[in-house]
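According to numbering that gives the first Met the number 0, the residues represented by the sequence shown are 0 to 172, in order.
Worth flagging that the hints you see were computed from the coordinates, not collected in a lab. One should not assume that every hint holds.
Simulated restraints, written as ranges between beta carbons of each label pair [stated by the list, open to error]: (1) Q34 - R162: 37 to 43 Å; (2) P26 - E170: 45 to 51 Å; (3) A100 - R20: 22 to 28 Å; (4) E170 - V90: 20 to 26 Å.
Quick caveat, the model's predicted, so the values are computed rather than measured. Glycine is no exception: its CB is placed at the ideal position from the N, C-alpha and C atoms.
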Amino acid sequence: MSERPGVVCRECPGRAYLNLRGDAADPQLRNAVQQVVGVDLPREPGTWNHADRSRAYWLGPDEWFIAVEGDDGLVVERRLRDVLDGRFAVVDVTGAQVQLALSGLDAGKVLQKSSPYDFHPRNFPPGRCAQTVFAKAAALVAASEGGAFDIVFRRSYADYLRRWLADAAAEYG
Numbered sequence: 000m001s002e003r004p005g006v007v008c009r010e011c012p013g014r015a016y017l018n019l020r021g022d023a024a025d026p027q028l029r030n031a032v033q034q035v036v037g038v039d040l041p042r043e044p045g046t047w048n049h050a051d052r053s054r055a056y057w058l059g060p061d062e063w064f065i066a067v068e069g070d071d072g073l074v075v076e077r078r079l080r081d082v083l084d085g086r087f088a089v090v091d092v093t094g095a096q097v098q099l100a101l102s103g104l105d106a107g108k109v110l111q112k113s114s115p116y117d118f119h120p121r122n123f124p125p126g127r128c129a130q131t132v133f134a135k136a137a138a139l140v141a142a143s144e145g146g147a148f149d150i151v152f153r154r155s156y157a158d159y160l161r162r163w164l165a166d167a168a169a170e171y172g
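Could you build all of it, start to finish, from the sequences and the hints given here?
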């Protein structure tokens, strides 16, 4: 019998979240994000990058979702605005988002029960992310190493999704 639990779900507090739009081919944008946030913007659809305390998720050809641990979203937004001077759009969405970390031997099974998206490891290996319907709510799901996943969704769904996940994970312990 495994010592590792079937499913563990925990909230990831203390993060700033920003939505960034700009020209992916613009080296000034890419350099500014690296300088201010410390992470490279992903270029490939459905991928995410991380470095130290920061993560950048690909949402579209000119759109990224950025998560920074321990920083104030308004401060990060201001720094980006100062460096880029109008070459992009950035919005601090920290107050509107919640992030949960889902891990454990059966975390993938819980995802499969919660969404029509194919979260099988062949289709959704570490480094992939997708915007999808998750338990009837819009969410961004990202695959990490070791069968762990990050789920980011609107704060207004927090209670509902916590209850959904508890019910979906109940059979796995």
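Legend entry - Contradicted hints - numbers only: 4
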